[in-house]
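*Asks:* Listed below, chain by chain, are the residues.
Protein chains: 2
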Amino acid sequence: MAVYTEVSDDELARFVARYDIGSLLSFKGIAEGVENTNYLVHTTGGTFILTLYEKRVAVEDLPFFLGLMDHLSARGVTCPLPVRDTSDQMLNQLAGRSAALITFLEGVWPKRPKVAHCLELGKALARMHIAGEDFPARRANALGIQDWRPLFNKFSAKAEDLCPGLHDLIGEELRFLESSWPKDLPQGVIHADLFPDNVFFVDDKISGIIDFYFACNDALAYDIAVCLNAWCFDANSTFEPAKGDALLKGYDSVRRLSPPEHDAMPILARGAAMRFLLTRSYDWLNTPKDALVARKDPEDYIRRLKFHQSVQSISDYAKQLTS
Amino acid sequence: MAVYTEVSDDELARFVARYDIGSLLSFKGIAEGVENTNYLVHTTGGTFILTLYEKRVAVEDLPFFLGLMDHLSARGVTCPLPVRDTSDQMLNQLAGRSAALITFLEGVWPKRPKVAHCLELGKALARMHIAGEDFPARRANALGIQDWRPLFNKFSAKAEDLCPGLHDLIGEELRFLESSWPKDLPQGVIHADLFPDNVFFVDDKISGIIDFYFACNDALAYDIAVCLNAWCFDANSTFEPAKGDALLKGYDSVRRLSPPEHDAMPILARGAAMRFLLTRSYDWLNTPKDALVARKDPEDYIRRLKFHQSVQSISDYAKQLTS
Chain A
9 MAVYTEVSDD ELARFVARYD IGSLLSFKGI AEGVENTNYL VHTTGGTFIL TLYEKRVAVE
69 DLPFFLGLMD HLSARGVTCP LPVRDTSDQM LNQLAGRSAA LITFLEGVWP KRPKVAHCLE
129 LGKALARMHI AGEDFPARRA NALGIQDWRP LFNKFSAKAE DLCPGLHDLI GEELRFLESS
189 WPKDLPQGVI HADLFPDNVF FVDDKISGII DFYFACNDAL AYDIAVCLNA WCFDANSTFE
249 PAKGDALLKG YDSVRRLSPP EHDAMPILAR GAAMRFLLTR SYDWLNTPKD ALVARKDPED
309 YIRRLKFHQS VQSISDYAKQ LTS
Chain B
9 MAVYTEVSDD ELARFVARYD IGSLLSFKGI AEGVENTNYL VHTTGGTFIL TLYEKRVAVE
69 DLPFFLGLMD HLSARGVTCP LPVRDTSDQM LNQLAGRSAA LITFLEGVWP KRPKVAHCLE
129 LGKALARMHI AGEDFPARRA NALGIQDWRP LFNKFSAKAE DLCPGLHDLI GEELRFLESS
189 WPKDLPQGVI HADLFPDNVF FVDDKISGII DFYFACNDAL AYDIAVCLNA WCFDANSTFE
249 PAKGDALLKG YDSVRRLSPP EHDAMPILAR GAAMRFLLTR SYDWLNTPKD ALVARKDPED
309 YIRRLKFHQS VQSISDYAKQ LTS
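The listed protein sequences derive, respectively, from chains A and B.
Under our numbering, the residues of the first sequence are numbered 9 to 331, in order.
Under our numbering, the residues of the second sequence are numbered 9 to 331, in order.
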């Protein structure tokens, strides 16, 4: 939760005047979003989210992210639509930051996802993957397998302070992942960070998918593996089979998973657990205890990783999925 | 800026169901408000602010604050209206806190108030004072003159660390204020904290007055003195005569100031400067540098106090005001 950049009423009124959305009625800084500053803006033309991009987002990636939202939104995916100003631009400057105005989506994210949420999520993820097929821009995954070892090297000397045994756990797992990572899976645009706080529901139906600031080109099934980690474990990091089952069946009902994707699911799930274990460990060691942004305990992802290491096949995630 | 208390989607949906405002569509924590946690809530019935009262607000005072908003709103003052639940209650419990749902007011607060804003403010303040005349509940000013010396005693030993000369400045001024403070001025319900961030404008007209959590019974003219300090000095803490003039004339055009109120304005302005100098000094010394809440520099109020000490009469604030 953070508002890193303050915007004055006069500045914002001038900014809003560049768009064909009426005049400014109100704006409130939102205590959400770890990476960027967000304001909820009411104008006589509607309700919008104003995002000011802070230093953790690379400015050169913004056209990819905004273009993707524009592309997906035009294909019926309920994601925020970047509003174009009167010069047809989606990206502008405000208070010394790159800034975009996007449509506001109603909905609340589920703090404790239920099986029904996971089923809807699976379907929506598959629809998003299909809608992204003809998106022409490309962006490499900046937190893909090739980035994990360099990230580990940044904190490996302190890994044991975080948790005894963590150094060897990560080291050995990285060796396994690097030697066995699948390379020929169907590729496409993935969200890559589809945690519950990025998916809004109204009446148990998905009303919005937000926060495309990790989106990239990678194996589509890796996106499912991220969701398995993010949605299908309980508060004690114990896997919940009914949720995994719902997620995978929901997905498969819209975009049929191929046999190689079936085979790869356990290693993809291990990789996804590794990716979040690494970033959370690094952030835990490098974020002051009293920072504005809450640190997330890496322990949850140690438990997830160990679970995935015990998995034999995709049928441990979804019982009756047939290839 | 702060969200001190997290609320889950399920908790909030159950809370909203107690009110006749439709079902929950979305909610966002707002990065505003120093004392309490605020969420902006959309339901199928409208837009609301949900406030969770944190420890700095005395629970026993909440019926006064909410009752006052209800009273003023019914008399045409554009302030938030506390929504009553289906049991006719304005105050409920949520996430272990006292909580109220109030109507959302459009508008933005002026970061750099203009003369026109001060004129509107003066009129609105007078209308609020008149509308409060028949409000039956009473609350003493918890930061009135009798509270200033005890507050100073809490940090007087450290006053010189804050600013050389501050100890004697406050000590001597308190002696003057305590010996000369006017006691027979017209009394009523005052806002007591009417800073620019508590007054919303749309198209240079006041659309809302918010944050009644310092409201109390005291001299009406003291409320004007607070506004003189809060609205009528520039960024260098230099008095801006055109703004003082607009504020006082706006007020006087709606509720005629009496001769004793004219005479008392300079000492009331000194008192108001002292009240904010004391709380800011105390907070500066007692708030960690890295806290969620921004500390406000007491220096601004040292300069204001010194200006008011040089004032001879109300005509130094408003040139042609006639009694």
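Simulated from the structure, these hints should not be mistaken for lab results.
Treat the hints with care, as some may be off.
One copy or two, it doesn't matter: identical chains are merged, so the pair holds either way.
Lysine-lysine pairs mimicking DSBU-like chemistry, simulated, CA-CA at most 35 Å apart [as the list claims (entries may be wrong)]:
id : residue 1 : residue 2
1  : K304      : K131
2  : K63       : K304
3  : K162      : K213
4  : K131      : K166
5  : K162      : K257
6  : K122      : K191
*Asks:* Does each hint hold? Answer for all of them.
*Replies:* Evaluated hints:
| no. | hint | in the structure |
| --- | --- | --- |
| 1 | K304 x K131 | within (28 Å within a copy, 50 Å between copies) |
| 2 | K63 x K304 | both (20 Å within a copy, 26 Å between copies) |
| 3 | K162 x K213 | neither (41 Å within a copy, 55 Å between copies) |
| 4 | K131 x K166 | neither (40 Å within a copy, 63 Å between copies) |
| 5 | K162 x K257 | neither (38 Å within a copy, 64 Å between copies) |
| 6 | K122 x K191 | within (33 Å within a copy, 63 Å between copies) |
The earlier numbered hints that this structure contradicts are 3, 4 and 5.
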